[in-house]
Amino acid sequence: MNQVISRREMLRSLGAGLGSVALYGLLAEEQARAQIPPLGNVLPTGAPHFAPKAKHNIVLFMPGGPSHIDMFDPKPALAKYAGQRPDSVNVRTERTTGGLLPSPFTFKQHGKSGLEISELLPNLASVADELCVVRSMYTFNPTHTPARSLFHSGNIAATRPSMGSWLSYGLGTENKNLPSFVALSPGGGGGPGLRSGFLPSCHQGVAFDDSFVDPEKMIRDLRNRNLTPEAQRQQLDLIQKLNRSHDDMVGGDEFLESRIQAMETAFSMQAEANEAFDLRGEPASVRELYGNTPFANGCILARRLVERGVRSVHVYSGGGQPWDDHSKINQNLRARCPDMDKASAALILDLKQRGLLDQTAIVWGGEFGRTPVSESGDGRDHNPFGFTMFMAGGGFKGGLCYGATDEFGFRAVQNRMSIHDLHATLLHVLGINHEKLTYRYAGRDFRLTDVHGEVMHDLLV
Amino acid sequence: MYPPGANVWRRAFGPENARRLLSLYVIASLLTGFPLPSAFAAEPSVQKPADLTKEAVEFFESRIRPVLIERCYECHSSKAKKVRGGLLLDSQQGVMEGGISGPVILPGDTENSPLIHAIRWTDSEFAMPPKASLTPQQVQNFEQWVKMGAPDPRIEAPSKEANKAKTRDLAADRNWWAFRPAVVANPPAVRQSSWVRKQIDAFVLQELEAKELSPSPKADPRSLILRTYLDLTGLRPSYEEIADFVKDPSEKAYAAVVEKLLAAPSYGQRWARYWLDVARYGEDNPTTEATNPGYPNAWRYRDWVIDAFNRDLPYDQFVSLQLAADVIPGTPRGDLAATGFLGAGPVYHKDGRLSKDVIENLYMDDWDERVDVVSRGVLGLTVACARCHDHKFDPISTRDYYALAGVFASTAAAPRQLAEIDSEVETRFMATSQRLFYLSYVANLMRDEPGSSPADARKKVERFMSEMDNIRTETTELRDKFPALGAQLAKLERRPKPYPAAEEKRSDAPEVAAQTPAVQATKEPGTLIAANETGNIPVTAEPTLAKGATVPPPADEPPVGRQARGRGAPADPYFHSVFDAGVYVDGTDPDLTMIGIKPGVARDLRVLAGGNVAKPGEVSPRGFPTVLAKGKPAFLHGSGRRELGEKIFTDAAPLAARVIVNRVWGWHFGKPLVATPSDFGAQGELPTHPTLLDDLAARFIANGWSLKWLHREIMLSATYQQASRSRPDAAKIDPGNRTLWRMNPRRLDVEAYRDTILQASGNLDSSLGGPSMALDQAENKRRTVYARISRSRVSNLLQLYDFPEATMHSPSRETTITPLQQLFVLNSPFMRAQAEALLASVAEAGDDNAKVRAIYRRALLRDADDHELTLATRYLAAGTMTDFAHAILCTNEQIFWP
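Protein sequence lines correspond, in order, to chains W and C. Just so you know, this note's numbering puts 182 at position 181 of the first sequence, and the rest follows in order with no gaps. Just so you know, this note's numbering puts 1493 at position 410 of the second sequence, and the rest follows in order with no gaps.
Among the hints, erroneous ones may be present.
[Claimed, not checked] Distance condition first, Cα-Cα at most 27 Å in a straight line; then the derived DSS-like pairs of lysine-lysine: (1) C/K1864 / W/K218; (2) C/K1439 / W/K437; (3) C/K1815 / C/K1754; (4) W/K113 / W/K437; (5) C/K1335 / C/K1698; (6) C/K1439 / C/K1698; (7) W/K329 / W/K113; (8) W/K242 / C/K1934; (9) C/K1815 / C/K1343.
Quick caveat, the hints were computed from the structure, so don't treat them as lab data. The structure presented is a predicted model; accordingly, all values stated were derived computationally and were not measured.
Build out the structure end to end from the sequences listed, making use of the hints.
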């Protein structure tokens, strides 16, 4: 047993904090067949429970709660009963609401599948046959913070590990020089979406500010401000010589050895991360496709990082909660959608062209949807009872419209899919049995899906 | 006589009502065919422990229970292989329910109690116990017991239902190694007895010899002195202090060094931090919103912990004060800061627009956290596992869980002023300030609610404002008499703007941060809160704002939260504390859930099936986990916090002592004796040295729970003073060093690493106490223990070096070595600044060669050897002196803990 623990510790330190590996060391049943690579400067990559459909996950997160009724879930009945408040919509949400508010946007069918998508999203409409639209999502809290915690970690408490951390813990990373879980947003926040909770802190999401295109502005301490790379190499050579003789003096030690290697990794990472995060060299055609906004930066970066083996990338559509349209839904969505629509569709197309879409499970959505009844006359309140998300790539069926809300779009009523089901399904396409990815903490085996979650096989290829 | 079970109703309604109610039930049951509630089916006369006299309990415990265990349990307990006659005698409920042939006891009536007949052995068909009768004295005792009404304190023991799920008996559960009494052991005989210096050495050596291992030689004086300074103070000795010890490394000299360091203030600065991990110390909440602002004065608790370590406050008092300083009579005012342990605990936002159940559940989460931090932190038990179902591995029931959670449901957080104050006045102030805070919050909430029925909202706001008016009138006297409290209340009184506000613009947090100077936006749109109306100490929390959003400075005074970040800024004369008050959620208004804080009212919680607030079960009176309780588990005074502390250090003293001794051992050696320091239950690891742990725990108690005694006992041992260098022969046999054949070499934690870098550069400010300061402030040169600890946004440096999230109890720290850490070491402005300062400190040394020597002495506390001097000269041919100094700070030697 000591041997195993010691080896796990060794792996963790060699893993260099950019993903240590649950399925190697911690799941006893997996241990037998886990092939631990020879120790060296190699980071073991994931060993899933079964053949994965996808290797990477990109989450396009719409903070604030985008309006499904105006984007993906047309409800003609709203026009018919406009301004009225039938009993069925007398539901307590966060705020006081009024009568039914019809969508000001028109819907058309798109692609071979005939998916109905509103005029707000012409670019996503053009890739309709790639989208797996779930109209029957529901969650458990009408307030932003708890609902965001639910989306990211499956729990209201803001202390549980986020799905990105679970994936890092479960699958490790394919690139030891980059973090296994990256979150991109203007301002570089991420809050509960980054949390590693009780998982080892190396699985925490690393946040970068995608309003920049210069890696040095995105990554702390990436560049030495005083030394050229050559001069720094000389300095590092001196450090390592001193470290070697210190090693001899104290008789060698696992962690001292690991630190020597981590210093080398850090040195090479300066170049590698610089290369990975530098968007300044992207050709004009790419900019043409994605646009020129922070969200477009985030989507391009997501593709670049996935290409380089990063496990999960979360791209936030804006800081704060831009999709929180309590008023002026018409003007606000018209102003906000073009950027999101263009870059999201571009990412799907771009990944497809590069042959990466199959390996990448994309999830698009917010912490909840919005009410069919009005707030402030022209806005919509939070709606956790029924809303839309879409998936694409990585094992999800394209051109699928799954589930349904009631006639007004308030509650999910058919083929309901909870946030836990989403997590279970996402883990599934990545080759993980959500009931088996556990972490022992405080006397309990914890899961991303707690005691819930069902894999929604109907959505999968 | 009343029908079975009627006494429950009698107590509740009086005889007449009870009878009427009962007959209604019976009729209803007959008509509908539904079975009667189980309470009516059998004979469970519900005794509350509170109802039993001390004498009655003692009688039962000394005369009845032992006989039941010895003579009856084999066939009549939930642990029995086969339960005979359906009769369980291992719980009060079981005794009262009786077996398949009906009740066995009629309280007060010996002649009609079948159990008495059976033990008299008069009826050969029905004589119990079947093989041998009880003694006449024992029979007499049972008769007396039944006459007394069969008092039975075992209300929490397993019932028949529980028996279906598992087989458990309390006596066996109490025999778990961690729960047994801790006893002083005789040191075992060992071959190499000359090695033994302290009692612990004999136990360690015994294990080593059993595995044909030998201990490592004593560490060289230089390594030992470095280890000892880092261990006790988190700092390194000076070059001269090392030289002195190397000259005289005798045991006497070493003991003197240990004494000197234990007496140094830097000892408390170092060891307090370990406790702060256990106590999940933080200065804000996981999310920061209107009802859960930050704790800018939490540092007063941190300073209290540092001081407590420095004055060697006995551990039992140390913990008891943190749980209950405010209700322990005679506690000096200064020690009330200890209650920051609970008063600055993490809480979640209670959005008044959410339903009663959701809010109730959020409170349950808060209380769950308290149960967790106390049970895992102090008792090494995962009690929080029993929130939804009985603990699957340890003898902790949901009743135990809710009994403990009730303590915290009867405890409200509130600020207290530093100065002495009459306790009644203070309670009134605390309750009032909480009410004002909440009213101000909901008034803002409703005022800002531009929904479809503004008239309603307006009506409500007016109602809240008028209640605030009433409070103002009621507290006139308080304000006049106590100007300091008056000033605080005046701040809380600040109103939402007149309604309706024409100029008002909706606040969607990212776009519009603030509305008026006195009002700050929080993350949640629509929840505005006056800058100083944050109830739990008037301050502004750090609002989480999107980029570009700014918070305009308040008109009259800067928010305290901001002041607290700068050193020497005036701090509020308040600290975060708690007081006994029941916390209730009021869902009577369909649109707005209100919170009620009732001072002096204790709240017993109901057991929630599956942890679901919508499925309340039986009431579980506040109390101590049954398996640990000796005698009555129930708490009878106020919230029960004082009794909780008392029970921990009397009934559960052996467990509490083992847990802290194991932690301290782990902090000294890098690895504890029990590898799961916060889980001493069945799922945890067993101790590597059980007798050693027991012996040390027993002597720790005997030595007055003195941590400084424990440090001496450990550090003066031969075990502790071993070299940390690996030995291939021993590593082969015991690679994990479980037997302690050497000292574990370690990497410095973030506090010691940053502090010793600052020490090397000469920049360290080692002064004691005061408000926290953000770590990323360039001018912050204080010891890392004074860094601002956020639960919502962990400082970059702390996160980089495995600092635990302060949202929950941390059993121990992970140690990772990552490239991102090395980017910090190689490239950060902080390290560069320290390199420059290091160089500046040796500016007088002379030429480059002299400077190199001086840098070695200052940073690595030794002289450079010839090889190192050559390397330096070679490097300096192209590199600068600053880059050289920087390189020295980057070395492994700088982060190594020998």
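Okay, the hints, checked on the actual structure:
At roughly 26 Å between alpha-carbon atoms, C/K1864 and W/K218 fall within 27 Å of each other, so this suggested pair holds. For the hint pairing C/K1439 with W/K437, the CA-to-CA distance comes to about 35 Å; that exceeds 27 Å, so the pair is violated. As the CA atoms of C/K1815 and C/K1754 are separated by approximately 19 Å, the hinted pair is consistent with the 27 Å bound. For the hint linking W/K113 to W/K437, the alpha-carbon distance of about 38 Å lies beyond 27 Å, and the restraint is violated.
Simply put, C/K1335 and C/K1698 have alpha-carbon atoms about 65 Å apart, too far for the 27 Å limit, and the pair is violated. Of the pairs offered as hints, the one joining C/K1439 and C/K1698 holds, with about 13 Å between alpha carbons and a cut-off of 27 Å not exceeded. A hinted pair counts as satisfied when its Cα atoms are at most 27 Å apart, and W/K329 with W/K113 does not qualify at roughly 33 Å. A threshold of 27 Å between alpha carbons decides the hint, and for W/K242 with C/K1934 the separation of about 20 Å falls inside it, so the pair holds.
Straight-line distance between C-alpha atoms of C/K1815 and C/K1343 comes to about 38 Å, which puts the hinted pair past the 27 Å bound.
Violated hints, listed in ascending order, are 2, 4, 5, 7, 9; each of the other numbered hints is respected by the structure.
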